[in-house]
Each structure stands twice: as C-alpha cells, then as structure tokens.
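S.K.: Spelled out from the first residue to the last, the chains are:
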Amino acid sequence: MANATSTHTHTGTSQPQLNYLTENTSLKDWLTTIDHKRLGLMYLAAVMAFFFVGGALALLLRLELLTPKQDFMDSATYNKVFTLHGAIMVFLFIIPSVPAALGNFVLPLMLGAKDVAFPRLNLASFYVYCLGAIMALAAIIGGGVDTGWTFYTPYSTTTDGPVGLMAMAVFVLGFSSIFTGINFVATVHKLRAPGMGWFQLPLFVWGIYATALIQVLATPVLGITAVLMVMERAFHIGIFDARLGGDPVLFQHFFWFYSHPAVYIMILPGMAIISEIIPVFSKKTVFGYRAIGFSSVSIAFIGFLVWGHHMFTSGQSDLASAIFAFLTYLVAIPSGIKIWNWLATMYQGSIEMRTPMLYAMSFLLLFAIGGLTGLYLGAISVDIHLHDTYFVVAHFHYVMMGGTVIAFLGGIHYWWPKMFGKMYNEKLADIACWIIFIGFNVTFLNQFMMGSQGMPRRYWTYLDEFQRYHIGSTIGSWILGFGLVMAAGVLLSSLRKKEYDAGDNPWGSRTMEWETISPPITHNFEGQPVLRHGPYDFRVEPTPATVAGGRH
Amino acid sequence: MSSHAITADHEAHGHGHHDPNLQHHFAEMGQQFECSKIGMWLFLATEVLLFGGLFVGYGLMQGQHPEAFKSAHHHLDWRMGALNTIVLLISSFTMVMAVWSAQTNNQKALIRNLILTIGCACTFMVVKYFEYSHKYHEGLLPGAFYSYTGPHQNAEFVFFSFYFMMTGLHGIHVTAGIVVLCYLLYRAKQGAYNSSYYTPIDLTGLYWHLVDLIWIYLFPLFYLIS
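So the sequences go chain by chain: Y and G. Residue numbers for the first sequence follow numbering that gives the first Met the number 0, beginning at 0 and rising by one. Residue numbers for the second sequence follow numbering that gives the first Met the number 0, beginning at 0 and rising by one.
Worth flagging that the hints you see were computed from the coordinates, not collected in a lab. Keep in mind it's a predicted model, so treat the numbers as computed, not measured. Don't be surprised by glycine CBs; every beta carbon is placed ideally from N, CA and C. Take these hints with a grain of salt, some might be off.
Reference listing, derived: stretches of chain Y covered by chain G, where coverage requires no fewer than 3 residues with Cβ under 8 Å from a Cβ of chain G [stated by the list, open to error]:
hint, segment
1, 209–222
2, 317–324
Here's a subset of chain Y near chain G, in silico, CB distances under 7 Å, partners left out [to be verified]:
hint, residue
3, 177
4, 384
5, 507
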C-alpha cells in the first residue's frame, strides 16, 4: 500500500501536468465552467457557508435556552431564528450537500465518464441554487419568517413577514434539486464506462441514483404546494382555508408527501458514502452488494408511502394512521439490512482506523440510535405522547446530523485527497472527529431525556425542572461547534501545502475515481477507462492512474 | 453498445470527422440522443407530479362539495373547451409531422408543420383569453377578486380557484411551448435539423404531447361534470 502510494506521488509530481484546478483559472472560467468537478467544489463552498450560518443560529438558540427566562431573544425573535435554522439547514444545506457537492465531483469519475450527462444544466442548477439562496437571504433581511420550516397553514397564510418570498425561495431551490436529479439519473444510465454493468457500480452510485429518483419525483409536489400557499397568501384562493371551503390538512398531506421522501434525499447519500468507506478501510469485498443496492431503491420506493406518520395528531382517520404506522416499520427494514451488511463487511476484515473510517464508525452508532428512535415515533400510541417534543427533535438530529452530516464529513475526508491532491493532518482530523462525536451526543442525548418527560419543541421558555438537561445540551452544542470548526481548520490548512502530496490512491481503493491523478485532469481520464475489476475487489492490485485507457 | 462506443469515441476524436452537434463527453450521437431522451422523460415525470398535486386537490374538494362543483361548471362553456381540445389535438398531429419531416430531411414540411403547430397553440390561447374575460365580467376570478353571489357561493369559490390555478398553469405551459417552438422555427430556417440531428424537435414534441394530454384531462374535469 505505502509502496503504491509513493510511486503514484512520484509520477504525479515529477510531470507538472495541468489539472482541473490549475487549467484556465480566471474568475470568468470558474463562473462559466461546465466541469462537474469545479461545480462540485462551488457547491461545496456554498453549502458549507450555509452550514456555518445555520450552525451559528443553532448556537444562538441553545444559548437562549440556557435559562428558562428571557436572556437576549424575545419569543418572536426566537421563533424566527429556529425557523431560519431549520429552513437553511434543510433546503440550503442538507438536501444539496452530498448529491450536489460530493455527487457532482465523484459520480462521473466513478463511472469513468468525462462529465455528467447535461453539463450546462448542471451549471444552471448551481445558479438556480444561488438565486434561491438570495431569495431566502432577502426574506431573512426583510424581517424573517416565524412559521417553522414546515410552513403549516393556516398560520403561514395569515402571519406577517416575507413568508411568500421564503416559500418561493423553496420553490426555486426545488428546481435546482430536480435538475441535479435528472442529470444524475441520465448519467448513470448512459455514461458508464465500457464493461461497467449495473452490478459493477460502486454502491455510492446506487445511493445517489435512488436519491436522484426521489428528487425528481417528490420535489414537484413541494413546488406546487409552495405556489398554492403563496397564492393563498396573496389572493386568498381558499384551497387550504376551511372558511372558504378548503382544507388546511390538505396542505400537511402535500407538504409531507414531499418532505418525508426528502428525509431520504438527505439520508440515502449519507448511507451511500458509508458503503464506500467501510469496505475500503476493511480491505474486504462489501458484504451483500445487491442487498445494499436494492435496499437503497426500496427505501426510495417505500419512503413515498409513509408521509402520514407526521400527521397522527392532525385528525386523519385511525385506519390511515394504522396503515402509515405499518409502512413506517416497513421502511426501517432496508435501513437495518444496510447496517447488518456494513457490520458483516467489517467482520474479519483488516480494519484500518483512518479518519474517514472513524467518521463511518460514528455514523453507525449515531444512525442506529436515530433510526431506532424513529420506530418509537412510528408507533401511534407512543407518538401521541412524544409528538412535538424534544424527543422528535433529538430523533431527527440523530438521523440528519449524526447520520447525514457525519457521513458527509467522512466523505469529504475520504475524497479530499482526490479533490485537492493534498493530505490533511490525520491526527488532528481524528481528534476533531472525536470532539464532534462527543459534543453531538452531549447535545442531543439530553434532548431525548427531556423530550420523553414532556418538554415541547419550539418554545423559548420551559419549566425549571428541564433546566439541567438544557444546560447539558447547550454545553454540548459548544463542544460540537468547536469540533466542527476544528475539522474545517484541519482540512483548509492542508491547502497551504505547495506540493500535491496525497498520491493518486492514498487509501488503496478499487473504484474508478482513484484511477486518475490527484487532482484529476480537466477531462478526468486520459482516454476512456475500461472496467478492470469490481469496485470492492481487494484481491487484485488497484489499477494505477497513468495507464487507464492508455495515452493517445 | 458500450464496447463499440469506446472505439467510436477514439476514432471520431482522432480523425476529426465527428458530427459538430456531438458534445465532448459523449462517445457517439446515438448515446447523446438517448441520454437527452431520458432527461426529457424525467422532466415530463416532474410535470405530471406538479399537476398531480392539483388533480388530487381537485378530487378531494370535488368529493366534499359535489353539488357545488356541478352547479359551478355551468358557468363554463363546453363548446369553447371542446374547440380548444380539437385545436390542441390537431397541433399534436402537426408536431408529429414536424418530427417526421426532420427525420426525413424534408425542410419545407418541417417549417410548415412548426408554423401550423404554433398557429394552433396561439389559437388555443386566444380562445382561453375570451373564456377568461367572460369569467372576469361575471366576477368569477379567484380569491380576493371573487364577487359572484349565488347558490353554493363558497364551494363554487373553490371550484374557480382550482379552475384558474390549473388552466392557468396549463396556459403558462402552452405559452412556454410557443416560445420554444418559435426558437425551433428560427433554427429550422437556418437548416439546423436533419435526419442525423433532430433531438430538439423530438424532445419538444414529447413536451407538447404532455401539454396536450393534460388538457385532455382538464377538459372533462371542469367542463363536463354531471
């Protein structure tokens, strides 16, 4: 392994070859680029900026909650801040995070393609995202929104503030998401390298493919819901207004028809990353390749049929609630299949605890907690007790942050050497990972405790008996925030290195993105690479970068 | 397919006689065409779901107020709706003919069929304009502009909210179709399309048929309830 790395480093640095970062570097070249790798980086920078903003808002919320009295935010401001935290994290950060940033960079490379199927649509998608982000920022500057990220009617259609602008921002961001989804589905279908059938695809591709299908099929429903809500605010068309003959619960059905599958838009790419990291650092063929691949697709499918479990207390019929509860248990099965397959992959593997693997281990533990507590909430009678408490807040943070964000960070650490050709300080990165893991658990385990005792979500104040949990949770948020800043610092400081020291394939991976130099050339590969071995075939030596397809 | 794709790629780039319409990341024209087609079908799926939300909402509301929806539809003139249905069906036919003309290198027929399609689309919008202005005079515009007083006025109110949301969204799609068709006409006059490259005509055709199909569902839902 070490031997292979050093030879690649040698070939990488001795010929000063232009790569996608060093070729055509003017600002105009970057802003009009249709190179999926550059767009991936631009997305990465944008989503990370919003992660920082959303995270700062979260720290403010936790600080206010340190005591039950009003410290520095009044209740109206508090409502706006938690709405913005939710809306920014969901629509501007998590949904585009893995697919648009890492997916854009890695997917075509994994397939041995020169680019995604529709490069200009990809660029358009980025600018549509920027437009949506500007609209969301304008809504924040224009007074903020206090509806919660779910925009439930009739409150959202009657409250003051730029709710309409925020909803249109969500509509526009949806288009960006749809464009990315269309692009990835077409790319996977038509741009695979010669010899790469569906069952030689890396599992990351399966996960991103399933995600893209949900993006394409669910997002339009959110779009029309946002439009109807805006029309309701502007012209009182009455579709969601019971006084005018409409139905406010219809809004909830429409909203969750998108937003529950959207949960899988968020978690499937995280699972996709873990499916790459675990076999590579266990040096063992992935256990149950087809089971993991098909479980992604079945999560995508069943995920469309469970939205009613958000509405057990909204007055839907008991029969509907029972069916939705049953389907909710059903959707847990494919997630369980994945977890057992990952564990079986590690069993008797030669495990190397490098930084990405450390994140993968954190993911397994945190996602298991998040997933299992989801089953409590899917049980109707338990949900009546836990509905709208901090238990729910802790549950979805374990899935979204403990699952997706941890996997995203693992993915960034895994592909960083490919993206920039430079290796970060692994020791410091490991410490940052531990701090994040500890801080996260301190923050959210406390929320499980107080939620199960009845602390309701979305309140700026609370009974004194909950204060010890709130203090714990707030201290945890400081640890978590520090860990995240440290991880970012470790990664960014690696960019100051003068030389590309990472090597073409530092982890000894077998998937195709490692068969080009680091950072890759603009056209990804010299010629068309051909599949020589399976994505997790650790019996053969990795294909070295320079011979892929041969030179002209 | 794939094994012959790889050779085609290198031959084409190596000897420089590949089609100027072939983008750099595709191996050959067939792959590019199929890829565009997948993209278009996925886009059409999103359109179906966009309208799907409205259709579901309509179905629910109609179930809650069947009498009111029945009496509200008498404000619509089924003859206008039927006329528009026929106009759109004809335009779908001329659109198919336009694709066929491009496939067979018949430039004159291509331009003629595109003009006919645009003509039908414009006719549809003109008829729609007369219908909308009729509603305006009766005070049946949706939401805050609704001034009609009569039996079932509340539930009829929701009927017209759906009527204007759904036909309005459909109208926007027809208008977008007209813009795209005009661009195709402009490019067709420059001779941009022929039997080896007619992807934009083909994809616009798919879109146009969907717009037509949605109207075929809207027409009975609003004009022919009984």
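S.K.: None of the hints should be skipped; say for each whether it holds.
M.R.: Status of the hints after comparison with the structure:
Under the rule that three or more residues need a Cβ within less than 8 Å of chain G, the assignment of the segment 209–222 of chain Y holds, with 7 such residues. For the segment 317–324 of chain Y, the stated coverage by chain G is not satisfied: 0 residues place a CB nearer than 8 Å to a CB of that chain, which falls below the threshold of 3. For residue 177/Y, the suggested interface contact is upheld, since its CB lies about 6 Å from the closest CB of chain G, less than 7 Å. Interface hint at residue 384/Y: violated, since its Cβ lies 30 Å from the closest Cβ of chain G, which is beyond the 7 Å cut-off.
Interface hint at residue 507/Y: violated, since its Cβ lies 27 Å from the closest Cβ of chain G, which is beyond the 7 Å cut-off.
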